[in-house]
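**Student:** Protein chains in written order, with the working numbering: chain R, 1 to 172; chain S, 173 to 511.
Certain hints may be false.
If the Cβ cut is set under 10 Å, some of the chain S residues that face chain R in the computed set are [claimed, not checked]:
#1 L198
#2 P199
#3 A200
#4 T307
#5 K309
Think of the hints as simulated: they come from the structure by calculation, not from any bench. We treat Cβ as the ideally placed atom computed from N, Cα and C, and that holds for glycine.
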Amino acid sequence: MLKFFGAAMVIAASGLSGLAVAGSYARRPRELRALRSALQMLETEIMYGATRLPEAFDTVASRCDRLAEPLFNQAGVELASMSGISAAEAWEKALDKYYPASALKPGDHSILIGLGRSLGRSDCADQVKHLRLAMEQIAQETANAEEEASRNVKMWSYLGFLGGLVFVLVAY
Amino acid sequence: MKAAGLPLNVVECIKENPVDAILPVLPANIRDMVAALPAQVKEQVEEIRIRQGRPLVLGISSADTFIQTGGGLTSRAPEAYRATTADMERVIQLLSGSSLYALEEELRNGFITLPGGHRVGITGKAVLDGGKIRTLKYLTGCNIRISREIHGAGEHVLPHIIERNRRSIYHTLLMSPPGCGKTTILRDLVRQISNGIPAMGFTGLNVGLVDERSEIAGCYKGVPQKDVGIRTDVLDGCPKAEGMMMLLRSMSPGVIAADEIGRREDVDALEEVLNAGVKILITAHGVSPADLAERPVMTRLMNAKMIERFVILGRSRGVGTIEDIIDGRSMRSLGVRKC
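Work out the full structure, taking the sequences as your base and the hints as a guide.
**Tutor:** The structure is reproduced here in structure tokens:
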């Protein structure tokens, strides 16, 4: 009886960790899409509203997908505190909190960091150029992420359980 | 005083000391140096000039002085703290709220107005587009002018510009070279004319204020940060000529006030206002009516004898000294001197 219970535990544990890996593969494209549409909103705020960044971040945070919300919310808070930091620093601080909790990869991180360096430092046309570039890059990453997801999500969700099962059978 | 959308700590500062109010736009190192200045120096600070690679200058009422590395004042330039490229970049980021793109119009005009009505002049390299300034880049110099609200600054002027029947005011022009307190006095006059002065039996008038540079009412998001009176309508950031016409048509003002008249279209609009029977309260750069009459645009204004009172300001006894008040018709002094 105890053996049976242990075997169930092993299968459940490895199954769940397989699901977690699969989940992160599935989450990355969703996060990238959310980020891209949030950046689109930011572009609109900057181009048509000429809204200042702290406000623009808040507006975007309140409207965008909840997957991207923490990043913009935090950046808005950092900037509005008037503690003497620049937009790039506020963005990086927010990203430092957001990135570890997300399913993003280092490549995505560097796209966002690159965008942050140019935020708020130039005229409207230039800002739009930088935002478009970042969105373009994110779109490409999204395509990659989707392909990876389609390959890996199913595999990992089965692999976890099956791996657990194999371990149990071998050890039995 | 209501400051919409400002972080609480900033609002608190505005109440305390105007210099503390501009601290949030200074980079941390310069902020510390300025914050550590003795209170009586802070009281007198009129401007803070930051120029890339050059000494940090503090303009106080008597003269200008440098800020030393590590705080404290010095009159010797070599000992002064020199603003670095990073400082300058930070100042610009902080001044613009990290949103340079939102300030294209302001950069074209060469200045930004901060919450609280403080004006920051900015210099750099002009980017031209078809011969007109499109924007500025390589921003390397700025002058933060601290705006002070002094209730009662117009006290000595008021009795001379209110009509005998106490119902209205005379057409008045305040003039002085820059930095003599024109705007401060104009603001106080607007406030008192708008509120009314019970002691003089003067009931308030509706005042239309065209605040092209956001200096008089110091509007932040459209809300006046300075006390400009209960019957004052403010058109913030609006070109004077158009603003005066808009107010004339829509707000039925008793008085129209504007700062720094100098362009041809301003004078055209003033003529319209005068013909409509609305009183004017304006300022201009200049030292005397004769000096003003020599400027082509102003000649028309002077020849038409439109202005009934010329108030000449100077700083012979400190900023805002009333050097003379001249009657516009007889061109004779009303005998008010130095107060």
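**Student:** Decide, hint by hint, whether the structure agrees.
**Tutor:** These are the hints, each one checked on the structure:
1. L198: The hint holds - L198/S has a Cβ within 10 Å of chain R, the shortest such distance being about 8 Å.
2. P199: Where the cut-off is 10 Å and the nearest Cβ of chain R is about 6 Å from P199/S, the hint holds.
3. A200: 5 Å, holds
4. T307: T307/S check passes; min Cβ-Cβ to chain R is 6 Å, inside 10 Å.
5. K309: 8 Å, holds
Hint check: no violations occur; every hint is consistent with the structure.
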